[in-house]
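First residue of the first sequence: 28, per this note's numbering; consecutive thereafter.
Simulated from the structure, these hints should not be mistaken for laboratory data. These figures come from a predicted structure and were not determined experimentally. Check before you lean on any hint, since a few could be wrong.
Said to hold, decoys possible - Derived SDA-like pairs: lysine to any residue, alpha-carbon spacing no greater than 20 Å straight-line:
| id | residue 1 | residue 2 |
| --- | --- | --- |
| 1 | K73 | R107 |
| 2 | K188 | M28 |
| 3 | K73 | D84 |
| 4 | K102 | V80 |
| 5 | K102 | S63 |
| 6 | K109 | G46 |
| 7 | K214 | D84 |
| 8 | K106 | C77 |
| 9 | K109 | R82 |
| 10 | K188 | R135 |
| 11 | K106 | R82 |
Said to hold, decoys possible - Across the chosen pairs, the derived CB separations fall in these ranges:
| id | residue 1 | residue 2 | range |
| --- | --- | --- | --- |
| 12 | K73 | Q34 | 43 to 51 Å |
| 13 | Q34 | Q185 | 24 to 32 Å |
| 14 | A90 | H234 | 45 to 53 Å |
| 15 | P43 | G143 | 16 to 24 Å |
| 16 | P222 | E89 | 42 to 50 Å |
| 17 | S67 | A31 | 32 to 40 Å |
| 18 | H234 | D128 | 28 to 36 Å |
Even glycine gets a Cβ: it sits at the ideal position worked out from N, Cα and C.
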Amino acid sequence: MYQAMRQRLGHQQWWPGDGPLEVCIGAILTQNTSWSNVESAIANLKAADCMTVGRLDAIPREALAELIRPVGYFKLKAKRLKNFIALVGEGFGDDIEAFLDRSGEVLRQQLLGVNGIGPETADSIILYAAELPSFVVDTYTHRILLRHGLISPQDDYQAVKDLFEWTLPQDVDLWGDFHAQLVAVGKNFCRRRRPLCEGCPLEQFPHDITDPTD
DNA sequence: TGCCAGGCCGGGT
DNA sequence: ACCCGGCATGGC
Numbered sequence: 028m029y030q031a032m033r034q035r036l037g038h039q040q041w042w043p044g045d046g047p048l049e050v051c052i053g054a055i056l057t058q059n060t061s062w063s064n065v066e067s068a069i070a071n072l073k074a075a076d077c078m079t080v081g082r083l084d085a086i087p088r089e090a091l092a093e094l095i096r097p098v099g100y101f102k103l104k105a106k107r108l109k110n111f112i113a114l115v116g117e118g119f120g121d122d123i124e125a126f127l128d129r130s131g132e133v134l135r136q137q138l139l140g141v142n143g144i145g146p147e148t149a150d151s152i153i154l155y156a157a158e159l160p161s162f163v164v165d166t167y168t169h170r171i172l173l174r175h176g177l178i179s180p181q182d183d184y185q186a187v188k189d190l191f192e193w194t195l196p197q198d199v200d201l202w203g204d205f206h207a208q209l210v211a212v213g214k215n216f217c218r219r220r221r222p223l224c225e226g227c228p229l230e231q232f233p234h235d236i237t238d239p240t241d
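Work out the full structure: start from the sequences and follow the hints.
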């Protein structure tokens, strides 16, 4: 399935955006939000010279919220950004690289301890910012695998993550691009409550679910 | 015009 | 252990 998507769509070159801090910020801001909204919020942060740990720590939460308004849930996400920045600042000052330069297990545990960072956001940061192998599962991943009968509805985040991590060679570029391909397919061919995926790169693979509830 | 977007949390059963 | 409402702007 990866080869089929890759052939049709080409390498997705994820994460879109620049540098490890921007990846972390984007991962939090894009929670249940389209990436185009995140782009304009990130542009605001850059224009306000706030794309550093120090500036994000210094800026008042209310002002930060205004800068990221386009992402929606902006008050909530301002809080979540602050929580993440506090974790980095506690041990590493402004040095995001040093914060990320630790084992994936330690990183994941610390990230999950932050209010506002759940499994997908943590894994996105580990895979795309720290560049360590940690497969990212999102709603598209769930949906696509469910439609193809590869998982059951009650399989949780960890079960789906395990399926990928135990099956694929442990390769950061492969895992990163695989997730990116699934998002591309999800956005364009596998939308919510739509049974048919006309022209989908995965059309050749069996669809066991003909009446999707998701 | 309504539905959806690259989730996560807190409170209620 | 689940289930649900809340969070909110922008694009199609």
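Now the hints, each set against the structure:
1. K73 <-> R107: Holds. K73 to R107 sits at ~18 Å (cutoff 20 Å).
2. K188 <-> M28: Roughly 16 Å separates the two Cα atoms, so the pair holds.
3. K73 <-> D84: Holds, at roughly 15 Å.
4. K102 <-> V80: holds (19 Å)
5. K102 <-> S63: With a Cα-Cα distance of about 19 Å, the restraint between K102 and S63 holds, given a limit of 20 Å.
6. K109 <-> G46: The given pair, whose Cα atoms are some 19 Å apart, holds under the 20 Å limit.
7. K214 <-> D84: Between K214 and D84 the Cα gap is close to 34 Å, so the pair fails against 20 Å, i.e. violated.
8. K106 <-> C77: holds (15 Å)
9. K109 <-> R82: This hinted pair holds, its Cα atoms lying about 11 Å apart.
10. K188 <-> R135: Measuring from Cα to Cα gives roughly 14 Å; hence the hint holds.
11. K106 <-> R82: Holds: K106 and R82 sit about 15 Å apart, inside 20 Å.
12. K73 <-> Q34: 43 to 51 Å: violated (35 Å)
13. Q34 <-> Q185: 24 to 32 Å: 30 Å Cβ-Cβ, so the 24 to 32 Å window holds.
14. A90 <-> H234: 45 to 53 Å: With a Cβ separation near 48 Å, A90 and H234 satisfy 45 to 53 Å, so the hint holds.
15. P43 <-> G143: 16 to 24 Å: Since P43 and G143 have Cβ atoms about 21 Å apart, the given range 16 to 24 Å holds.
16. P222 <-> E89: 42 to 50 Å: Since P222 and E89 have Cβ atoms about 45 Å apart, the given range 42 to 50 Å holds.
17. S67 <-> A31: 32 to 40 Å: At roughly 33 Å between Cβ atoms, A31 and S67 fall inside 32 to 40 Å, so the hint holds.
18. H234 <-> D128: 28 to 36 Å: Given a distance of about 43 Å, which is not inside 28 to 36 Å, the answer is violated.
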